[in-house]
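Chains as they are written, first to last, in our numbering: chain X, 1 to 566; chain W, 1 to 178.
Quick caveat, the hints were computed from the structure, so don't treat them as lab data. Fair warning: this is a prediction, and the values are worked out from it, not measured in the lab. Don't take each hint at face value.
Stated by the list, open to error - Okay, derived cross-link-like pairs now, EDC-like style, lysine to aspartate or glutamate, Cα gap no bigger than 20 Å in a straight line:
| no. | chain 1 | residue 1 | chain 2 | residue 2 |
| --- | --- | --- | --- | --- |
| 1 | X | 531 | X | 24 |
| 2 | X | 293 | X | 324 |
| 3 | X | 211 | W | 52 |
| 4 | X | 211 | W | 17 |
| 5 | X | 211 | W | 40 |
Unchecked claim - To be clear about the criterion: a stretch of chain X counts as covered by chain W if any three or more of its residues have a C-beta under 8 Å from a C-beta of chain W, and this derived list gives those stretches:
| no. | region |
| --- | --- |
| 6 | 41-53 |
| 7 | 195-202 |
| 8 | 209-218 |
Unchecked claim - Here are a few chain W residues that sit away from chain X, every Cβ distance over 10 Å (derived from the structure):
| no. | residue |
| --- | --- |
| 9 | 43 |
| 10 | 85 |
| 11 | 169 |
C-beta: ideal position from N, C-alpha, C; glycine also.
Below are the chains, spelled out letter by letter.
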Amino acid sequence: MAQRITVDPITRIEGHLRIDCEVENGSITNAWSSGQMWRGIELILQGRDPREAWLYTQRICGVCTTVHALASVRAVENALELEIPINAQYIRNLIVAAHGVFDHIVHFYQLSALDWVDIVSGLKADPNQAAKLAQSLSGWHRNSAQEFKSVQDKLKNFVSSGQLGVFGSGYWGHPAMKLSPEVNLMATVHYLQALEYQRTINKVVAVLGSKTPHIQNLAVGGVSNPADINSPAPLTMERLNYVKSLIDQIQNFVKQVYLVDVGAVGGFYANWTQYGAGVTNYLSVPDLPTDPKGEEFMMPGGYIPGGDLGSFQEIKSFQDPLFEDNVKEAINHSWYEGDWNKRPYEEETKPNYTDFDENGKYSWVKAPNFKGEPAQVGPLAQVLAAYAAGHKPTKKYLQAALDVAGNIAGMQIPLSALHSTIGRHAARAVRAAVLTDTLPTLWQDLVENLGKGDTQTFNPPSFPKGEIRGFGFHEAPRGVLSHWVVIEDGAIRNYQCVVPSTWNAAPRSHKDKKGPYEASLVGNPMAEPDKPLEVLRTVHSFDPCLACAIHMHDEHRRDLVQVKAL
Amino acid sequence: MNSRENEGIRQETEQTDILILGIGNILLSDEGAGVKAVWELQREYEMPSGVEVLDGGTSGMELLSVIENREHLFLLDALSSEKDAPGSVVRIDLSQEPGFFQNKVSPHQLGLSEVLAVTQITATQPENIVLYGIRPASLETGTEITPEAESGIRTALDMLLCDLWELGLEPTPREQNI
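Chain X extracted, bound-state conformation (with noise of 0.2 Å):
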């Protein structure tokens, strides 16, 4: 018999994303994704100074502040056609890549890892055992017996005690929950390994930034850490010798212990392999520009439509024409006036919500479309770019990666086992590997730089009579951002921000085809209908952000999951 299974709020924060899935005999037949909350908070921006614009989309999110703040001063220098000093990329490179590294280890460990990682069943695991195994698979030195023992002991304590804290919801014991307790001690080891690595990169983040969370260096036209390496302006060489310090402490972390791990469990569960590809058209940008203008970066970005990395088409710079001209948004499923499907620039936001109709409108969130057809974005879509335009870095991680998990499975992994739910977790991690390693380089490079006498990090914008337009685009860790911004003497008309979780999230296209959440559900196994597990791998496979919004307290506690026969 079938069944209906809404998840609301999937996210458990405070319910902005809402999933519906029919199953039938053990497997989903169909999904629809719905975002449960309005942010149109594009609408504050009109009217208002567009040099200001950034410092109320940092406010945005909670998870990325940091990015919206970038992809904000970014539109509004191509409205303006103004290039940056060389200091300013740089010092936007790092903060990214610190940032991106540290959203990484965080989806990985604290955010999904309980997905595939039974905490309590670790305690039953030998740890000598276990550290073998961990020692077998990886060189790095926290990966003791005594380490892992005295993890186990606490562990042990904080269970008895009854206060099972963070841990206190995870699905354990769950059927789909196959790690042996060995692997799962392991990877509960790395978890708590992962909260110390994590704060540390994002130092990186604090001291260039002035200030986290939300950052306060930046500036349409560059950034405002005045630089010299020899006077005690902010940025010192002590200030980036403290940096430096911050990104060595990281480099092993993410590569002998995230890669390794994300490996180990695709090949642990390299059956999950099969499960979740769903929208198969991948959109990317290029990211961490070397020039003013921004015509080179460190990494390659582009669309794959149809998986195929034969067909890819680069983009290539922060003006070109293939990103601004095949980007739109249509809401012909979702809570808005009409059934449009327009690009960003000549958008407006008219809400209208309306009963939660499966044939007609039910989400708030709008189904963004390049050359018309539904792209998933994220990690995954940016190796598979990176990997198609012959980026050696990216193929070296993406290869070490599938060589543990199929040294694990016992079998060759294949590239296209990629296209999966356990391949958007592998792509993350290549991902972080591959920042990491450009964060001593862009260091380097700055350092050179202000050796060199040019302290320069601003070019004063001016702002001219009449409509000018500008578009402005991030590879953020949850995928493709842009930002869109129309200005008229030198005030914002409109204003539209393009998120990645609008990408991944989106319902049914303009043509009826499914967003690349519902897609990826549609084949999974679901084993307990009223514990949703399966799902929740999927879905946070993604890293889904919808907590845009509000993140209130809240004294109620609200089911998670309803189950309907149909």
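Based on these hints, arrange chain W on the given structure of chain X.
Just chain W, lined up with the frame of chain X:
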């Protein structure tokens, strides 16, 4: 010795063991009451040494390093509650209610309550945590706050000043001409 000492970015406040943290989204009217409250506090008072005031905005995990190992954590946030009138303030001593986070805690996405739960596992949780929850009147998109929430902010700050006073700490009012 706490682990924050050598981070450099906190040079001026390395002795700090009290954090006053406002959280919320200032783009959704009263949802930003906690952030607006710390802005007002910073505008009106000079804090004694050892007390840090921080606008935490909408962050989650980024707050971990600023929260860990504090002796006192005072939180200002909007609090959804059906039984109280808009603008009213609930003071909850979270150190006395260890179960408070468990309801909300999940392995699936991290908000502030999850971050606090993480500090439980790593044994870095502040010894005392007090939440001043301001009941919002509006959560509409907009940067303005309602008069109800504004009055809630005043109430919450008065409660906070009393709590600080009980700890022997007296913030100095700034000159009114700012």
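Against the structure, the hints:
{"no.": "1", "hint": "531/X x 24/X", "verdict": "15 Å, holds"}
{"no.": "2", "hint": "293/X x 324/X", "verdict": "16 Å, holds"}
{"no.": "3", "hint": "211/X x 52/W", "verdict": "14 Å, holds"}
{"no.": "4", "hint": "211/X x 17/W", "verdict": "19 Å, holds"}
{"no.": "5", "hint": "211/X x 40/W", "verdict": "19 Å, holds"}
{"no.": "6", "hint": "41-53", "verdict": "holds (count 3)"}
{"no.": "7", "hint": "195-202", "verdict": "holds (count 4)"}
{"no.": "8", "hint": "209-218", "verdict": "holds (count 3)"}
{"no.": "9", "hint": "43", "verdict": "17 Å, holds"}
{"no.": "10", "hint": "85", "verdict": "15 Å, holds"}
{"no.": "11", "hint": "169", "verdict": "24 Å, holds"}
Taken one by one, the earlier hints all hold for this structure without exception.
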